[in-house]
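Undergrad: Assemble the complex: chain Z is given as a structure, and chain L must be docked to it using the hints.
Number of protein chains: 2
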Amino acid sequence: MTRFSIGVDLGGTNLRIAAVEETGTLIEKVTLGTKTSLGRDHVLNDMCDTIRHLATKYQATASLAGIGIGVPGIIDMETGMVRESPNLPGWVDYPVRSEIEKRLGTRVILENDANVAALGEKWLGAARDLPDMAMLTLGTGVGGGLVLGGRVWHGMNGMAGEFGHTTVEPEGSQCKCGSRGCLEQYASATAIVRMAREAIASGEAPALSRAANSDAEFSAKTLYNMAIQGDDDARKIFHRVGRALGIVLSGMVNALNLPMYVIGGGVSSAWEVFAPSIFEELRQRSMVYAATAPSSPAGGGSGASAMVEPGPGGKTIITRALLGSDAGLYGAARLPVVEER
Amino acid sequence: MTRFSIGVDLGGTNLRIAAVEETGTLIEKVTLGTKTSLGRDHVLNDMCDTIRHLATKYQATASLAGIGIGVPGIIDMETGMVRESPNLPGWVDYPVRSEIEKRLGTRVILENDANVAALGEKWLGAARDLPDMAMLTLGTGVGGGLVLGGRVWHGMNGMAGEFGHTTVEPEGSQCKCGSRGCLEQYASATAIVRMAREAIASGEAPALSRAANSDAEFSAKTLYNMAIQGDDDARKIFHRVGRALGIVLSGMVNALNLPMYVIGGGVSSAWEVFAPSIFEELRQRSMVYAATAPSSPAGGGSGASAMVEPGPGGKTIITRALLGSDAGLYGAARLPVVEER
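Residue numbers (the numbering used here), protein chains in the order written: chain Z, 2 to 342; chain L, 2 to 342.
If we strip away everything but chain Z, and leave its shape as in the complex, we get (with noise of 0.2 Å):
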C-alpha cells in the first residue's frame, strides 16, 4: 500500500495543505488565505478541517505516514510552543502542537519554516542527492535551516538554524531581535527597499528617488527590475546583498564544510544580481571555499553549479533553490518520514 504524509506551510498570508506521496509525488494541494484576522482558532479550524478531509479521501487507498506542520517562529520542539513569530503574534507562547493535536486526535510534527524549507530542497530540490546541506530562505525576513545526515538539525531546544541573525556589521542597522547589523538587515526584500530609502535620502540615488515616486508599490522587484536594466544604484544595493550572504556564507562554509547552500526565498529570484558579489566574498574570506571551489563557479542565473558532481573530494555548491514556494510544503510532509527513524 502506497505511503502518503500531510504537509501544511502556514504563512502569514497564505495557508497551504497538501498530500503527498512518499516518492515525492504531490496528490494534491489546497491554498486557503491566512484568516489571521479571525483569530487564532479560526486559523487552526481553517487547517485541521483541511487537514480531515485530505486524511480521509486518501487513507481509503494509502495509509498516512504522518502530519508536518511549517510554522513561521521559532518553536520550542520540547514544549511544541511557538517562542517568537513575528508574523503570527497572537500565536507566542501557545501551545500550538498540542491543540493541533487535540483538534485532529493525531500527533503532529512542528517545525520552523524556515526549516521545512531547507528539508523540501534536500528531499526533492537543489540538494536532493546529498546527506548534509543548509539552506537561507531570503524573504520579508532571512530565514535558515540546516539538514544533516537528512534531517533536520535542530539543536538543543529546535533553535538552530537562525542565519538570518548572524551579526554582518556589528554597530550595523538595527535589527528587530534585539542585534544589530544582522545578516537580515541586508538580504530581505524589507532591507532592500530599506536600503534603498536610504540612498535616496541620501541624495546620491536620483533615479531610485524618481521609482519611489512614481511606484506606489516601490519595492524589492522595482529595484530589482533596474539592477538589470543597469540603473548603478540599483546594482549597489544588490551588491550589498550579495557582499552580506558572502560574509555569512563564509563563516558557513568554513565552520561547517557541507556540500552544499541553497538560497532560496523571494529574493532568490534576483539570484544574478547579487550571487557574483557572493562568490567574490567566498573566494576572499573563507580558505575552506578556496581549497574546495567548483573550477568555475556559478555567478550567472543559471543554476548549472547545482550540476557539479559533490560527495568524496567534493567541491563546495553555493546553489539557487529549485522548489519556490513549494520547498516548504514538500518538506513539511517530508518531516513524519524522516522523523519517524
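Treat the hints with care, as some may be off.
Identical chains share a label here; the pair holds if one copy fits it or two copies do between them.
[Claimed, not checked] As a list, the in silico EDC-like pairs of lysine to aspartate or glutamate whose alpha-carbon atoms are at most 20 Å apart:
1. Lys177 x Asp130
2. Lys316 x Asp94
3. Lys36 x Asp47
4. Lys316 x Glu79
5. Lys316 x Asp77
6. Lys237 x Glu340
7. Lys222 x Asp234
8. Lys177 x Asp232
9. Lys177 x Glu281
10. Lys222 x Glu102
11. Lys103 x Glu29
Please keep in mind that the hints were generated in silico from the structure rather than gathered at the bench. These numbers were taken from a predicted model, which means no experiment stands behind them.
TA: Relative to chain Z, chain L alone:
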C-alpha cells in the same frame, strides 16, 4: 583485557605522545621538543619511535585500540594530506598519514589539532556529559572544533570547525588566511599584542607604552596582568577580545543551538577579564541565547556555569576548558575509539 590507545599532540614547539586507557586514565605521557629545524623526517622518526615504544610496552597487558594524531593545520581527510599549516610549513601538501602508516605498519587517524582539543574536552573535560559541543582554542591563532553526537564533525573534506576565521569586522585587520577582520585578529595571543601595539602607536595608552619598553617579552600575559591590576587600556583590549568572541558565539548559538561552547587555549587563562564582554554581546545579539541562557551566566572565573544541568529544555552554557594543554592529547587518544564505530 583493558583497551588503550595512543594519542599524539604534534605542536610547533612540543611533540607529546601518550598511552591512555579507554576509560580515560593516563598510562604514560612522553614530551619531546618538536625539532622542526632538523626537518620533517626527523620529527616523524621521533614520533614513530615513541609510538612504537609505548605500543610494545603496554600491548603485553592491554589491547591497542589504535593511534590518533592531532596536527596543527587543515587536513584533507580523504587523502591524509596537510592542506595548510602556518606552524609546520614544510608539511603542507605532504602525505603525512600514509608516511606515518608506512613507518608503523598500521592504520593511524589524523585530525586537526583544534578538533582533537574539542574531542578531548567532550570526552573528559567541560563537556563530558554532553553529546554536542563546540570549542574555540585561543592560542597563537584561533582554532575551532565541533563535536556532534560524540564525534568530530568533519564536513565533506574534513575542513569543518574553522570558527577562528569567521568575519567579525568586514573591513577589519588583514588576516593571514586572506580575509579581513577574522575572529583570530581579535581573540588570539598575537592579536592581543597587536592591539596593544596599535594603542601605543596611537599615543593614547601611556601605561602600555611604559610596559612595552620595560618588558622585553611584552606579551598577552603581560597585558592580562595589567588588566587584572586595573589598567584601563589593558582592560579595553580584553573587552575587544570578549566582544569579538561574543559576536562569533552569538552566530554559533543562533545557528547550532548546542548545549555548550568551550573556550580553551592559552588566552583562556584571561577568562575573567574578557568573559563579561562575551555575555554582554550574547544577551544582545543572540535571541536563541536570550531564550536559553542560564539564570545567572557565569561572567566570573569560577567556571561554575558548567554546573548548570544541561539536557532537555536545557540551557546554553559558555564556559572555560578544563583540561588545559592536555585536551589535544586526550582527544587524539579518543579518536580511534569514536572513529571505529
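Undergrad: Mind listing which of the numbered hints don't hold for this structure, in increasing order?
TA: 1, 6, 8, 10, 11
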